[in-house]
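Chains as they are written, first to last, in the working numbering: chain A, 1 to 167; chain B, 1001 to 1444.
Worth flagging that the hints you see were computed from the coordinates, not collected in a lab. Certain hints may be false.
Here are some of the chain A residues that sit facing chain B, going by a computed Cβ distance under 8 Å [stated by the list, open to error]:
1) GLN95
2) LYS97
3) PRO109
4) ALA110
5) GLU113
6) ARG114
7) ALA124
8) LEU127
9) GLN136
10) PRO154
11) GLY156
Footprint (simulated), chain B over chain A, 3 or more residues, beta carbon under 8 Å [as the list claims (entries may be wrong)]:
12) 32-43
13) 70-81
Glycine is no exception: its CB is placed at the ideal position from the N, C-alpha and C atoms.
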Amino acid sequence: MRTRLTAAAVAVAALVVPACVETAGEVTPAASLGRPAEFRVALHTEEESTAGELVTWRTWWELTWTSVPGATSYVVETATSEGGGDRPRERTVEQPKWRIEVAAGTSAPAALERDQQGQLAFTAAQLFVRIATADQDGRRSAPSPWFPVGEVLPEGVPVPQPLSAHP
Amino acid sequence: MRILATPLLVALVAVAGGSAVGADEPTADVTCSPTSINRPVCPAASEPETASFLDPTSVVIAPRRIHLAPQVYVAPFAALDASRASIHIGPESNVQDNVAVVGGGAPDRQRARALARLGLDEGSGVETGERVILAHGSRVIGPARLAVGEVIQVPDGEGGTTPDSGVFVSFGAEVDGAILERDSGLSALARIGPGVRLPSGFIVLPGKNVTTQAEAEDPALGKVRPIVAADREFNAGVVEVNVGLAREYTQLYRDDPTNVRGINYDPGGNEFDESRDLPTVESDLCTGPQVREPQFPNRVIGDACFADSLAELRDKMSRSISIRADEGGPFGIGTITRMGRGVIFHALEGTDLRTGDNVTYGAGVIVHGGGRPQVNPTTGIATPTLIGDNVVLADGSIVFRSLVRNGASVGTRSVVVGSELTLGQVIPDRVIYANDGVFGPVEW
Chain A
1 MRTRLTAAAV AVAALVVPAC VETAGEVTPA ASLGRPAEFR VALHTEEEST
51 AGELVTWRTW WELTWTSVPG ATSYVVETAT SEGGGDRPRE RTVEQPKWRI
101 EVAAGTSAPA ALERDQQGQL AFTAAQLFVR IATADQDGRR SAPSPWFPVG
151 EVLPEGVPVP QPLSAHP
Chain B
1001 MRILATPLLV ALVAVAGGSA VGADEPTADV TCSPTSINRP VCPAASEPET
1051 ASFLDPTSVV IAPRRIHLAP QVYVAPFAAL DASRASIHIG PESNVQDNVA
1101 VVGGGAPDRQ RARALARLGL DEGSGVETGE RVILAHGSRV IGPARLAVGE
1151 VIQVPDGEGG TTPDSGVFVS FGAEVDGAIL ERDSGLSALA RIGPGVRLPS
1201 GFIVLPGKNV TTQAEAEDPA LGKVRPIVAA DREFNAGVVE VNVGLAREYT
1251 QLYRDDPTNV RGINYDPGGN EFDESRDLPT VESDLCTGPQ VREPQFPNRV
1301 IGDACFADSL AELRDKMSRS ISIRADEGGP FGIGTITRMG RGVIFHALEG
1351 TDLRTGDNVT YGAGVIVHGG GRPQVNPTTG IATPTLIGDN VVLADGSIVF
1401 RSLVRNGASV GTRSVVVGSE LTLGQVIPDR VIYANDGVFG PVEW
């Protein structure tokens, strides 16, 4: 089995933050708590040769950001192309990164990248993630913009989705 | 426009039909038959938190043989046909726009032999377990079983386990005489045929037609792939959204029964869209007059903004069309050349779905919004899904998260996702076009 990194995090640039800032559910954002920034994304693929010249593979998408002073954890929220519902689904992570398996399959080596990219196109059209900072008192920062899960552009910087709170 | 939800107007209507019971017993075993008194809220007297909701445009045939568990959402123009055999829809499931669920197909000896391999009897109908998603334009022909059985624990992708996310049947897909075990699904325009059981942990690839058990179990045959954590996260999110829609449409109906008909309000009431909004006409920039027209034959919900006038829409639109901005929009729809039967528009709040002028929409077209991979250099955010002028979307085609430039066309039952089409580009019939390349054919 071998692991490869198919997109490197290269440029370092703060993301443009939409003027309209959403709140994380019913939690009041803590003004003093920094918002996660300098997001990077990368794909990690594990490949394993199987019988008949085929390759079994699995691909993970990893979102990273810089540590925020005062943060004890980060809230990871997801929404879908069908909507976000009453509140986005959420979980917490302690380190400034979130990783999720986004594609898998069994392919001829020449078709692996096409198969992988095809799956990622569907995932990136359907699932979005955003990050907020949390402190030890349970207060949260305003969340980041939404990013499409599974998408990695050449610069390794995720593209914020044009989602905003309704006026 | 913004209106505030008024207090509940819960009529104390006697619940009739099927095995319906009051909402004070909201267990998975409790079902409701959508007889006339139990539509659009099923059971009629249930609280919004446990009610199932059937859009008034949905078609229900033989309702006493249809059983809906709590918190099921049945979207506009969906059809539940139990004339040949019964239909059971499990809790927290959804039957989205223009979905057809048919209890049983026409008797056929060869088909019966295939069904017998699964132990399915022709007359045993369609049964789904909890958290089953039947997405826009999909079809289930009985006998079929989807996500029936106990919830199982599956990997959560973070080293632990989590309850499975049910079954997902994506846009335009078909289940015909098959069993889909829990934690499985079909991608867009995929199909699974009679006598095949899709095991837990697998999803049929876009456009593939699975007709043998070997194809359903062996990814090396190129028809299925393993389900991944992102699939489960997506499924769980879609379930939650639609559970919320069942509740919010019930509330919208209780506030005023005409609210859930024709051109009307979205339900609001969620983080992305707290207010209730009306469509507008005469400007795809949303500067035209608002319209509320409960008698309009199609469903147009929320912040959809048309360049055409209301009279022009009446003339150009066929029937069974669902333009649904449940979570607000807005999205702008340029002048329509023709919009065929069963067209579906859906976009998440703020994803800025826009279509150009003189666009032809064939029957059953699905247009889904979403920010594209390209960055707008001014705003630093994703550019919107955009369909240009003089575009032709043929019958059954699906477009989401893409740019379709002027004069381009998408063939019959083809999918375009995450792509940029050039001026006048022609996407042939029955292909999956993803990331600017052909991913594969639609095999059926």
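Now the hints, each set against the structure:
1. GLN95: Since the shortest Cβ distance to chain B is 12 Å, the answer is violated.
2. LYS97: The hint is violated - LYS97(A) has no Cβ within 8 Å of chain B, the shortest such distance being about 12 Å.
3. PRO109: The hint is violated - PRO109(A) has no Cβ within 8 Å of chain B, the shortest such distance being about 13 Å.
4. ALA110: violated (13 Å)
5. GLU113: At about 10 Å, which exceeds the 8 Å cut-off, the nearest Cβ of chain B leaves the hint on GLU113(A) violated.
6. ARG114: Interface hint status for ARG114(A): holds (7 Å vs cutoff 8 Å).
7. ALA124: holds (6 Å)
8. LEU127: Since chain B brings a Cβ to about 5 Å from LEU127(A), closer than 8 Å, the hint holds.
9. GLN136: violated (22 Å)
10. PRO154: Interface hint status for PRO154(A): violated (10 Å vs cutoff 8 Å).
11. GLY156: violated (13 Å)
12. 32-43: violated (count 0)
13. 70-81: Coverage by chain B holds here, the residue count being 4 at a Cβ distance below 8 Å.
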